[in-house]
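Peer 1: Sequence:
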Amino acid sequence: MTSQGNIQEKMRRLKCAVMIPTYNNAGTVCHVIEEVKAFCYDVIVIDDGSTDSTAALLDRVEGVIRTGYTPNRGKGRAIRCGLECAVRHGFDYVISIDADGQHYADDIPAFVEELERDPGSLVIGARSLSAENMPSKNTFANRFSNFWYHVETGSRLDDTQSGFRLYPVRALQQMHFFTSRYEFEVEVIVRAAWRGITVKNIPIKVYYPPQGERVSHFRPGKDFTRISILNTCLVTYALLVYYPFRFLKWLRWANLKAFIDRHIIHAPQSNHTMALSVAWGVMWGLMPVWGWQGIVAVATGCFFRLNKVVTFAATNISVPPMIPLILYGGYALGGVILGLPVRISLHDITWESLAGSLVQYGVGSVAMAVLAGAATYPIVRLLFHLFKRNRPS
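The opening residue of the sequence shown carries number 59 in this note's numbering; numbering runs sequentially from there.
Please keep in mind that the hints were generated in silico from the structure rather than gathered at the bench. C-beta atoms are modelled at their ideal positions from N, C-alpha and C, and glycine is treated no differently. Treat the hints with care, as some may be off.
What the hints assert, rightly or not - With a cut-off of at most 20 Å between alpha-carbon atoms, the simulated DMTMM-like pairs for lysine to aspartate or glutamate come out as follows:
1. K95 x D176
2. K73 x D164
3. K258 x E92
4. K258 x D150
5. K68 x D216
6. K263 x E92
7. K95 x E120
8. K95 x D164
As the list claims (entries may be wrong) - FRET-style restraints, in silico, Cβ to Cβ:
9. D117 x E142: 50 to 56 Å
10. A433 x V209: 27 to 33 Å
11. G85 x G349: 42 to 48 Å
12. W350 x N64: 50 to 56 Å
All chains should be built: construct the whole structure from the sequences, respecting the hints.
Peer 2: Structure follows, in structure tokens:
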């Protein structure tokens, strides 16, 4: 049996299909299907409301699972349709490959090998950014997307935008997605990472035709705006929910002990710098910059050469259970400073009263943050002294 035959049998045993979303790819889609069928018996083709001759060409293709809809709804909706189709036909995994011919079907075995090595992972084919004819805007967009993925998940990838991917469809089945166009490929990997699914890259080849032959349905203005809005939502959720709850889940004595030993007891900074790092983190954790405390604390702490890990950890004083107390404390202290009453009532709310309450809270929370940071420094410095921790400056 040939090596291609081995891959075909292996993919069937693993319940893995290949799906090809297509929209107006009449010039390439049939060639892509034929190349894919050399490596996989089970091919799902999703027609995303094509208006050219794609549908007529697909009518002549045998041995594929075909689905689709009209009118065009976007690549994300096509992928979601393909995932749903895969579940209905009993597949556990699908490898998505673009219909425009930029991907090489002979990279499919690499995905299969990775599936056998690490079942349940979501694998993205990483393109070489120095590939011939690769548009410069693609390089910028990929680095932009990689940066925000790191901010949103704490993990790093070399390529977050490649459409050549292995999806664990069963693991994704219970997730409800909100996007339907190119931004879906960002949403799915971020939310998969949040679910604890391993997201990784493997190297692949890529072909970009010359400028005059290139077919792209990406609309820079509209689609980049959609992706930017999505990243804003994902970053906000990550900072307000994902990271705080991950911290609470991590907060076990064994983890805490290991963290203290590595980043405090054996950290190279002096007691003064370490105490200042904690105080700085506590101060920014109480500042009224919700969702951005960690980033601001670490970024500003770099100017003072503080311990970045300790500074960020200290900002987690504003974990969800503490937030009501922090909000009330800032509001109450603001009342004392400004000589205003501390009233919490949902009756007779006006824009004027709401603005006044926000000012009162803002003044009080800044004051509370500064006082808490100032009080934290001597306490932590004393604890370091009592436990005989001393490092040269």
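Peer 1: Give a verdict on every hint.
Peer 2: Going through the hints against the structure:
1. At roughly 24 Å between alpha-carbon atoms, K95 and D176 are farther apart than 20 Å, so this suggested pair is violated.
2. Distance hint between K73 and D164 is fulfilled; the C-alpha atoms sit about 19 Å from each other, no more than 20 Å.
3. At roughly 28 Å between alpha-carbon atoms, K258 and E92 are farther apart than 20 Å, so this suggested pair is violated.
4. The suggested pairing of K258 with D150 holds, with an alpha-carbon distance near 18 Å, which does not exceed 20 Å.
5. As the CA atoms of K68 and D216 are separated by approximately 28 Å, the hinted pair breaks the 20 Å bound.
6. Between K263 and E92, the direct Cα distance comes to roughly 18 Å. Compliance with the 20 Å bound is thereby established for this hinted pair.
7. The hinted pair formed by K95 and E120 meets the criterion: a straight-line CA distance of about 11 Å does not exceed 20 Å.
8. Straight-line distance between C-alpha atoms of K95 and D164 comes to about 11 Å, which keeps the hinted pair within the 20 Å bound.
9. With their beta carbons about 22 Å apart, D117 and E142 fall outside the hinted range of 50 to 56 Å.
10. Distance hint check for A433 and V209: the Cβ-Cβ separation is about 31 Å, which falls inside the suggested range of 27 to 33 Å.
11. The beta-carbon spacing between G85 and G349, approximately 46 Å, falls within the hinted interval of 42 to 48 Å.
12. Our hint of 50 to 56 Å for W350 and N64 holds, since their Cβ atoms are close to 52 Å apart.
Checked against the numbered hints above, the structure violates hints 1, 3, 5, 9; every other hint is satisfied.
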